[in-house]
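Q: Using the sequences and the hints given, assemble the complete structure.
Taking numbering that gives the first Met the number 0, the leading residue of the sequence shown gets 0, the next gets one more, and so forth.
These are computed hints drawn from the structure, not numbers from a lab.
Small disclaimer: the values here were computed from a predicted structure and weren't measured.
Errors might be hidden in some of the hints.
Label pairs and their computed distance ranges (CB to CB) [stated by the list, open to error]: (1) Val54 x Gln28: 31 to 41 Å; (2) Gly71 x Ser176: 34 to 44 Å; (3) Pro190 x Ser123: 14 to 24 Å; (4) Gly53 x Pro138: 18 to 28 Å; (5) Leu66 x Leu172: 32 to 42 Å; (6) Asn187 x Pro43: 30 to 40 Å; (7) Met150 x Pro121: 35 to 45 Å; (8) Ser176 x Ile146: 17 to 27 Å; (9) Asp79 x Asp33: 14 to 24 Å.
Virtual Cβ for every residue (Gly too), placed ideally from N, Cα, C.
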Amino acid sequence: MSSRNLFTTLFAASMFVNVTSQAYAVPTQMVNIDTPQCDTLFIPDDVHELGDVGVFPADEALFATNLGQTSGSACQSSDDPVVPNVVVDIRNLSGIAWEEVWYVADPETTISNFDGEANEVPFSPIQEAFRIDNDVTDPGGVNHALIFESMTADGIWEINETWQFILQDYSNLSGLSASDINSIGVGNNSPNFGITDSSGSIIAITQVPEPASLALLTIGAAVIGIKRR
0 MSSRNLFTTL FAASMFVNVT SQAYAVPTQM VNIDTPQCDT LFIPDDVHEL
50 GDVGVFPADE ALFATNLGQT SGSACQSSDD PVVPNVVVDI RNLSGIAWEE
100 VWYVADPETT ISNFDGEANE VPFSPIQEAF RIDNDVTDPG GVNHALIFES
150 MTADGIWEIN ETWQFILQDY SNLSGLSASD INSIGVGNNS PNFGITDSSG
200 SIIAITQVPE PASLALLTIG AAVIGIKRR
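A: Pasting the structure below:
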């Protein structure tokens, strides 16, 4: 095969990898604002949404469980002692290690340990949100909702790792569980009917190269080698 034909083949393969990776992922564009509630909120514009393994693609899958009420607080200054705090258990089934993770409430959900407001584009940032962290990943913060990591206590949600975090003063107008992280779409873009009822969303970013990215890097290296020859 000539260098020109091989270059064309590799380019086509790279386009195929790119298209298929988009088909199986849940890339999400976010907008957010900081509020003086607990800690500073910053969410990148482009994140991935993760959710129930029965609804989301394999590379965006998690399994969530409501562990019930807790006497612990995440952000004590905003904790209402009359309203119960709950603990949610999430297990990373995506096959990807996530560098930073956030919780975003659905419109009918209320929490008090939020750092700011966030929503999926094109909606306004009116849904309560916070970064799921602890005193290791955010030593100067006051909203330490992450109370358990089953692997290394470093704030990285590793493959197959289980996290437990607090939703403080949790309530949901539809009576949904805090672990109902079932619908594709964040904030106002999250449907709340049928089998996809959802009380909130998990969004995350990763610095670990995903399989599609690794494939593109390999293809790029091959092309460079051809050009040099």
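Q: The hint says 18 to 28 Å between Gly53 and Pro138; measuring C-beta to C-beta, is that right?
A: Violated, at about 37 Å.
Q: Taking 14 to 24 Å as the hint, is the beta-carbon distance of Pro190 and Ser123 inside that range?
A: 18 Å, holds
Q: Between the beta carbons of Asn187 and Pro43, is the distance compatible with 30 to 40 Å?
A: 19 Å, violated
Q: Indicate whether the distance between the beta carbons of Val54 and Gln28 respects the range 31 to 41 Å.
A: About 20 Å separates the Cβ atoms of Val54 and Gln28, which means 31 to 41 Å is violated.
Q: Assuming the hint says 17 to 27 Å, is it satisfied by the Cβ distance from Ser176 to Ile146 or not?
A: 18 Å, holds
Q: Range hint 14 to 24 Å: satisfied by the CB atoms of Asp79 and Asp33?
A: Since the Cβ atoms of Asp79 and Asp33 sit about 22 Å apart, the hinted range of 14 to 24 Å holds.
Q: Please check whether Gly71 and Ser176 have a Cβ separation lying inside 34 to 44 Å.
A: Given about 19 Å between the Cβ atoms, the range is violated.
Q: Assuming the hint says 35 to 45 Å, is it satisfied by the Cβ distance from Met150 to Pro121 or not?
A: 37 Å, holds
Q: Take the C-beta atom of Leu66 and the C-beta atom of Leu172, compute their distance, and say whether it sits inside 32 to 42 Å.
A: At roughly 22 Å between Cβ atoms, Leu172 and Leu66 fall outside 32 to 42 Å, so the hint is violated.
Hints 1, 2, 4, 5 and 6, counting from the list given before, are not met by this structure.
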